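Novice: The task is simple: from the sequences and hints, build the whole structure.
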Amino acid sequence: MAIEQNMRRVTAIQNGTVIDHIPQGKALRVLEMLNINDATSVPVSMVMNVPSKKMGVKDIIKVEDRELNQDELNRLALVAPDAHVAIIRAFSVAEKLTIELGDEITNVVRCTFSNCITINPREPLPHRLFVASREPVELRCHYCGRPQEVEKLIENLL
Amino acid sequence: MTGLITMNDLSNEEILEILDTAERLLPVARGETYLPLLQGKILGNLFFEPSTRTRMSFETAMKRLGGDVINLGDVSTSSVVKGETLYDTIQMVDGYTDIIALRHPRQGAAQYAQDSANSPVLNGGDGAGNHPTQTMLDLFTIRQAHGTLENLDIVLAGDLRYGRTVHSLSHALIRFGCNLILASPSILRMPAEIVQDLKAHGATIVETEDLIGSLDNADVVYMTRIQKERFNDEDEYKKVAGAYKMHASQLSNCRPSMIVMHPLPRVDEIHPSVDSSRHARYFEQAFNGVVARMALLCRLLNVEVPEKIEGGK
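Residue numbers (numbering that gives the first Met the number 0), protein chains in the order written: chain G, 0 to 157; chain U, 0 to 312.
Please keep in mind that the hints were generated in silico from the structure rather than gathered at the bench.
Computed from a predicted structure; not experimentally measured.
Be a bit skeptical, because a hint or two may be false.
[What the hints assert, rightly or not] Quick look at which bits of chain G chain U covers, simulated, 3 or more residues with Cβ under 8 Å:
{"#": "1", "segment": "87 to 101"}
{"#": "2", "segment": "107 to 115"}
[To be verified] Incomplete in silico selection of chain U near chain G, CB under 10 Å:
{"#": "3", "residue": "Asp87"}
{"#": "4", "residue": "His103"}
{"#": "5", "residue": "Gln106"}
{"#": "6", "residue": "Tyr111"}
{"#": "7", "residue": "Gly126"}
[Said to hold, decoys possible] Listed next, with one range per pair, are the computed distances between beta-carbon atoms:
{"#": "8", "chain 1": "U", "residue 1": "Thr207", "chain 2": "G", "residue 2": "Pro120", "range": "38 to 44 Å"}
{"#": "9", "chain 1": "G", "residue 1": "Thr105", "chain 2": "U", "residue 2": "Ser10", "range": "26 to 32 Å"}
{"#": "10", "chain 1": "G", "residue 1": "Pro123", "chain 2": "U", "residue 2": "Glu13", "range": "30 to 36 Å"}
{"#": "11", "chain 1": "G", "residue 1": "Glu137", "chain 2": "U", "residue 2": "Asp234", "range": "24 to 30 Å"}
{"#": "12", "chain 1": "G", "residue 1": "Thr105", "chain 2": "U", "residue 2": "Glu309", "range": "48 to 54 Å"}
{"#": "13", "chain 1": "G", "residue 1": "Glu148", "chain 2": "U", "residue 2": "Val302", "range": "40 to 46 Å"}
{"#": "14", "chain 1": "U", "residue 1": "Lys237", "chain 2": "G", "residue 2": "Glu148", "range": "31 to 37 Å"}
{"#": "15", "chain 1": "U", "residue 1": "Asp73", "chain 2": "G", "residue 2": "Glu137", "range": "49 to 55 Å"}
{"#": "16", "chain 1": "U", "residue 1": "Pro264", "chain 2": "G", "residue 2": "Asn119", "range": "28 to 34 Å"}
Built from N, CA and C at the ideal position, the CB exists for glycine as well.
Specialist: As structure tokens, this is what we get:
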């Protein structure tokens, strides 16, 4: 019943991407990380704090007429590593994608350490964070080696 | 070609090989014999921060081996002050030289430089990050005194938070099974992520504020300078700095073979009375910077050092 209500909250989309099972309250961060903002022209729906059998409460995002690619989705590993992603074509699920945390996150976020060499915006080399541990997730800067705080990292999105 | 950015760039076997090479080069470092192995090679010394020993010992090492050195000079008169990026500076120097030694106030600068350069980069200290060439000379000094690097009891004392020498050194020592006592005031403790890394390697680590109580069972006491500017309150600084002063009279119950090291410059943390004791090694340590850097320069420039050097052992 609760699930059906969730579906009714936002209409089914004909084509596009559905990101389900986003941790409660993280949908806005997900939009930020996908660079979906006022410059985005396609319709985007978001529901927050809806009941979920698996998570208790969750957020959902639907992006119409745009199929997000694996690289874009992998950016979400920082905030919604267990989100479910479905590519919708003609109102049906055409593909299911999972979010993968690779060995390195390149040019997604800037190191959070205030004395890192990458703090100078004019330095041209890519921003690189490597995955030092997966469980729990720990990212470190390729250059300065400092462990990153995920909350601060999100503020440093490129 | 890769240089030396952190101690992770070297295996234990490579560390020992480099120390062996350094030992063979001692007569060259002392000027007893001339061995122009690096003739025709140019070192770019890029020191964006003040340095005495590191810069001079790199220069000495290069010149004793017949090589040449160009210096960035005073940062305030170079193009850096005009806003040049590190990337651009490295591109330029990379074209002029065969190898680069870099000191920079920003952490991660050495890795950044290495990723920007074709020549090998030697990290001469990056912010509060790493200082692996110092670690190599420290290891050389420890092995010279104890004949081994294995399973020693080592006290690292003073400013362990900002002191990059102790960051690199601690990582290297635990790889040889050394036990570490980290003696520092609470606000200058070793960064948690480093302690976490050391423990993850299975190292025995004890953190304490009691330096004097740690001296008697140590094979090495590695002192560092407590910098006044790290404290907001001058009274607090005086109190802390006072507890991290070593005097010869405190060394009477130490192991006879115990050595006192310091990356220098020192201020008050080692009283001059220690200088004449059998434990003092800091001036030899500073000299060892030349041989350790000679060995590193040869290795990174792929220049073989002869097994037997005239005047050597």
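Novice: Each hint needs a verdict: does it hold in this structure or not?
Specialist: Here is how each hint holds up against the structure:
With 0 residues having a Cβ less than 8 Å from any Cβ of chain U, the segment 87 to 101 of chain G misses the three-residue criterion, and the hint is violated. For the segment 107 to 115 of chain G, the assignment as covered by chain U holds, since 4 residues bring a beta-carbon within under 8 Å of that chain's beta-carbons and 3 suffice. Given hint, Asp87 (chain U) at the interface with chain G, holds; its Cβ is 9 Å from that chain's nearest Cβ, closer than 10 Å. Given the 10 Å rule on beta carbons, the hint for His103 (chain U) holds: about 7 Å separates it from the nearest Cβ of chain G.
Using the Cβ-Cβ criterion of 10 Å, the hint placing Gln106 (chain U) at the interface with chain G is satisfied: the shortest such distance is roughly 4 Å. Satisfaction of the interface hint for Tyr111 (chain U) is found here, the shortest Cβ-Cβ separation to chain G being roughly 5 Å, below the 10 Å cut-off. Among the interface hints, the one on Gly126 (chain U) holds; its C-beta lies about 5 Å from the nearest C-beta in chain G, closer than the 10 Å criterion. A hinted range of 38 to 44 Å for the beta carbons of Thr207 (chain U) and Pro120 (chain G) is consistent with their spacing of about 42 Å.
Separated by about 28 Å at the C-beta atoms, Thr105 (chain G) and Ser10 (chain U) satisfy the suggested range of 26 to 32 Å. Here the CB-CB span from Pro123 (chain G) to Glu13 (chain U) is close to 32 Å, well matched to the stated 30 to 36 Å. Between Glu137 (chain G) and Asp234 (chain U) the CB atoms are about 39 Å apart, so this pair departs from the stated range of 24 to 30 Å. Under the hint 48 to 54 Å, the C-beta atoms of Thr105 (chain G) and Glu309 (chain U), about 51 Å apart, fit the expected range.
Separated by about 44 Å at the C-beta atoms, Glu148 (chain G) and Val302 (chain U) satisfy the suggested range of 40 to 46 Å. For the pair Lys237 (chain U) and Glu148 (chain G), the beta carbons lie near 34 Å from each other, so the given range of 31 to 37 Å is met. Remark: the range hint 49 to 55 Å for Asp73 (chain U) to Glu137 (chain G) is contradicted by a beta-carbon distance near 40 Å. Look at Pro264 (chain U) against Asn119 (chain G): about 29 Å separates their beta carbons, and that is inside 28 to 34 Å.
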